[in-house]
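*Asks:* Sequence:
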Amino acid sequence: MYDFNYQVKDSVATITLNRPDVLNALTLEIYAQLRDLFETLRYDDDVKAVIITGAGERAFCSGGDVHKIIGAMLDRDMRAHLEFCRMTGALVRNMRLLQKPIIAALNGMAAGAGAVIAIACDLRIMADDAKFAFLFTRVGLTGADMGAAYLLPRLIGQGRALELLMLGDDVDARTAERIGLVNRSVPRQQVLPLARAWAERLAQGPTFSIGMTKTLVNNEWTMDVGSAVEAEAQAQALMMMGEDHRAFYETFVAKRKPEFKGR
Numbered sequence: 000m001y002d003f004n005y006q007v008k009d010s011v012a013t014i015t016l017n018r019p020d021v022l023n024a025l026t027l028e029i030y031a032q033l034r035d036l037f038e039t040l041r042y043d044d045d046v047k048a049v050i051i052t053g054a055g056e057r058a059f060c061s062g063g064d065v066h067k068i069i070g071a072m073l074d075r076d077m078r079a080h081l082e083f084c085r086m087t088g089a090l091v092r093n094m095r096l097l098q099k100p101i102i103a104a105l106n107g108m109a110a111g112a113g114a115v116i117a118i119a120c121d122l123r124i125m126a127d128d129a130k131f132a133f134l135f136t137r138v139g140l141t142g143a144d145m146g147a148a149y150l151l152p153r154l155i156g157q158g159r160a161l162e163l164l165m166l167g168d169d170v171d172a173r174t175a176e177r178i179g180l181v182n183r184s185v186p187r188q189q190v191l192p193l194a195r196a197w198a199e200r201l202a203q204g205p206t207f208s209i210g211m212t213k214t215l216v217n218n219e220w221t222m223d224v225g226s227a228v229e230a231e232a233q234a235q236a237l238m239m240m241g242e243d244h245r246a247f248y249e250t251f252v253a254k255r256k257p258e259f260k261g262r
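Numbering-wise, numbering that gives the first Met the number 0 puts 248 at position 249 of the sequence shown, and it's gapless, one number per residue.
It is possible that some hints are incorrect.
SDA-like cross-link-like pairs, simulated, lysine to any residue; straight-line CA separation at most 25 angstroms [claimed, not checked]:
id: 1; residue 1: LYS256; residue 2: GLN188
id: 2; residue 1: LYS213; residue 2: LEU154
id: 3; residue 1: LYS8; residue 2: GLN98
id: 4; residue 1: LYS256; residue 2: SER10
id: 5; residue 1: LYS260; residue 2: ARG245
id: 6; residue 1: LYS260; residue 2: GLN233
id: 7; residue 1: LYS213; residue 2: ASP44
id: 8; residue 1: LYS260; residue 2: GLN203
id: 9; residue 1: LYS67; residue 2: CYS84
id: 10; residue 1: LYS260; residue 2: ARG200
Please keep in mind that the hints were generated in silico from the structure rather than gathered at the bench.
Throw the hints in and build the complete structure from the sequences for me.
*Replies:* Here is the structure:
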């Protein structure tokens, strides 16, 4: 069905890019399948959280396949190039619009499009011997690709984002954690277990509340403070009338742990 591995267990979907012989490089087909999958996940009530990782020990994702994308696109016209770039951007858009948490389990190098997919996730756990590389300018392209110029400054600040996008230098795990590019840097064998633990915790939590949090963080990027405070007031008033909030109060009084239903 997919040119990558996909499985769902305990309400957590795990996407594993599975071309380790070419550092899990993306093809045109994989881009399109990921774009469509993240759209479909908006309506899949069986999935509450998502993990994306790579097969093997060398790479999370090295970006677009040199031969199957870069080589194949060189002789195509401007319209075909624009259609391709819009498709890759649609993948990132669908990830950000998904009202479910996405965790990147960075088992190895995240480069080019792989780095952008990682920052399009909500949380990132990185192997302590892995690296990031926004290498677009190193191959004669703009560092502003797939939404990188939108996402990265909001994640680590404009100055550092410009450094990474303009110079294209490798970023080691220690630096990535220090500047906020990743949430955790851990030994390689702990990456997927920690991502799984976080995903299960989120999937078992108040999922509607978590989705609302992601939506507001996304939406408030372009709001003034008055609009942001009002949006949060309306959202919180809605959440205060929800079943999960009531369940918290009732179980607090009864000295029991709440069981959230995502409502």
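*Asks:* The structure should be examined with respect to each hint, and the outcome stated for every one.
*Replies:* For each hint, the structure was consulted:
1. Taken as a hint, the LYS256 and GLN188 pair is broken in the structure, with Cα atoms around 32 angstroms apart against an allowance of 25 angstroms.
2. The hinted pair formed by LYS213 and LEU154 meets the criterion: a straight-line CA distance of about 14 angstroms does not exceed 25 angstroms.
3. Taken as a hint, the LYS8 and GLN98 pair is honoured in the structure, with Cα atoms around 19 angstroms apart against an allowance of 25 angstroms.
4. The straight-line distance between the Cα atoms of LYS256 and SER10 is roughly 20 angstroms, inside the 25 angstroms bound, and the hint therefore holds.
5. Distance check on the hinted pair: LYS260 and ARG245 sit about 11 angstroms apart at the alpha-carbon level, within 25 angstroms; holds.
6. In summary, the hint linking LYS260 to GLN233 is supported, as the alpha carbons are separated by about 21 angstroms, within the 25 angstroms threshold.
7. Among the hinted pairs, LYS213 with ASP44 is consistent with the structure: their alpha-carbon atoms are about 17 angstroms apart, no more than 25 angstroms.
8. The suggested pairing of LYS260 with GLN203 holds, with an alpha-carbon distance near 8 angstroms, which does not exceed 25 angstroms.
9. At roughly 15 angstroms between alpha-carbon atoms, LYS67 and CYS84 fall within 25 angstroms of each other, so this suggested pair holds.
10. The suggested pairing of LYS260 with ARG200 holds, with an alpha-carbon distance near 13 angstroms, which does not exceed 25 angstroms.
Checked against the numbered hints given earlier, the structure breaks only hint 1 and satisfies all the rest.
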